[in-house]
Amino acid sequence: MKADIHPDYHTIKVVMTDGTEYETRSTWGSEGAVMNLEIDPKSHPAWTGGNQQLMDRGGRLSKFNKRFGGLGL
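Read in my numbering, the sequence shown has 144 at position 44, and its numbers run on one by one without any break.
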């Protein structure tokens with residue numbers, strides 16, 4: 101294996117959106133750096149089950165439904 105080609109792997113602190121924090125090892129930043137998350141599994145709709153509204157104003161979805169809407173079982 102070649103020498104000096106791997107990034108520095110060190111300990112950082114991750115702070116979640118609700119203020120909880122934990123330490124992990126990463127190549128991000130430098131030793132002892134703090135990563136403040138803007139989106140995490142506790143606040144993102146993909147993990148919390150938030151409802152996303154699909155807004156379509158005569159675009160692709162409307163064309164698809166117009167063309168294939170009658171094919172349902």
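Don't take each hint at face value.
[Claimed, not checked] Restraint-style ranges between C-beta atoms, simulated for each label pair:
{"#": "1", "residue 1": "108", "residue 2": "145", "range": "30 to 36 Å"}
{"#": "2", "residue 1": "106", "residue 2": "159", "range": "31 to 37 Å"}
{"#": "3", "residue 1": "158", "residue 2": "133", "range": "44 to 50 Å"}
{"#": "4", "residue 1": "139", "residue 2": "109", "range": "53 to 59 Å"}
{"#": "5", "residue 1": "166", "residue 2": "143", "range": "52 to 58 Å"}
{"#": "6", "residue 1": "128", "residue 2": "165", "range": "39 to 45 Å"}
{"#": "7", "residue 1": "143", "residue 2": "165", "range": "31 to 37 Å"}
{"#": "8", "residue 1": "166", "residue 2": "130", "range": "54 to 60 Å"}
{"#": "9", "residue 1": "160", "residue 2": "111", "range": "35 to 41 Å"}
{"#": "10", "residue 1": "170", "residue 2": "115", "range": "50 to 56 Å"}
{"#": "11", "residue 1": "133", "residue 2": "160", "range": "40 to 46 Å"}
{"#": "12", "residue 1": "140", "residue 2": "169", "range": "37 to 43 Å"}
{"#": "13", "residue 1": "167", "residue 2": "135", "range": "30 to 36 Å"}
{"#": "14", "residue 1": "108", "residue 2": "149", "range": "34 to 40 Å"}
In case anyone wonders, no lab produced these hints; they're calculated from the structure. Just so it is clear, CB atoms sit at the ideal spot from N, CA and C, and this is done for glycine as well.
Given a hint of 30 to 36 Å, does the C-beta separation of residue 167 and residue 135 actually sit inside it?
The hint (30 to 36 Å, Cβ to Cβ) is violated, given that residue 167 and residue 135 are roughly 47 Å apart.
Distance restraint evaluation - residue 166, residue 130, Cβ atoms, bounds 54 to 60 Å:
holds, 56 Å
Does the hinted range 31 to 37 Å hold for residue 143 and residue 165 at CB?
With Cβ atoms ~32 Å apart, the hint holds.
Lying within 34 to 40 Å: is that true of the beta-carbon distance residue 108 to residue 149?
holds, 38 Å
Between the beta carbons of residue 158 and residue 133, is the distance compatible with 44 to 50 Å?
Hint holds: Cβ distance 48 Å, inside 44 to 50 Å.
Should the hint that residue 106 and residue 159 are 31 to 37 Å apart at their CB atoms be regarded as holding?
violated, 47 Å
How does the Cβ-Cβ distance of residue 133 and residue 160 compare with 40 to 46 Å: does it lie in that range?
Given range 40 to 46 Å: holds, Cβ gap about 43 Å.
Quick check: does the Cβ-Cβ distance between residue 160 and residue 111 fall within 35 to 41 Å?
Hint violated: Cβ distance 47 Å, outside 35 to 41 Å.
Satisfaction of the hinted span 30 to 36 Å by the C-beta atoms belonging to residue 108 and residue 145:
holds, 35 Å
Range hint compliance [Cβ, residue 139 to residue 109, 53 to 59 Å]
violated, 25 Å
Could you see if the CB distance from residue 170 to residue 115 stays within 50 to 56 Å?
holds, 52 Å
Using the Cβ atoms, figure out if residue 166 sits within 52 to 58 Å of residue 143.
Once the Cβ atoms are compared, 37 Å apart, the range 52 to 58 Å for residue 143 and residue 166 is violated.
In the structure shown, a violation is registered for the earlier hints numbered 2, 4, 5, 9, 13, in ascending order.
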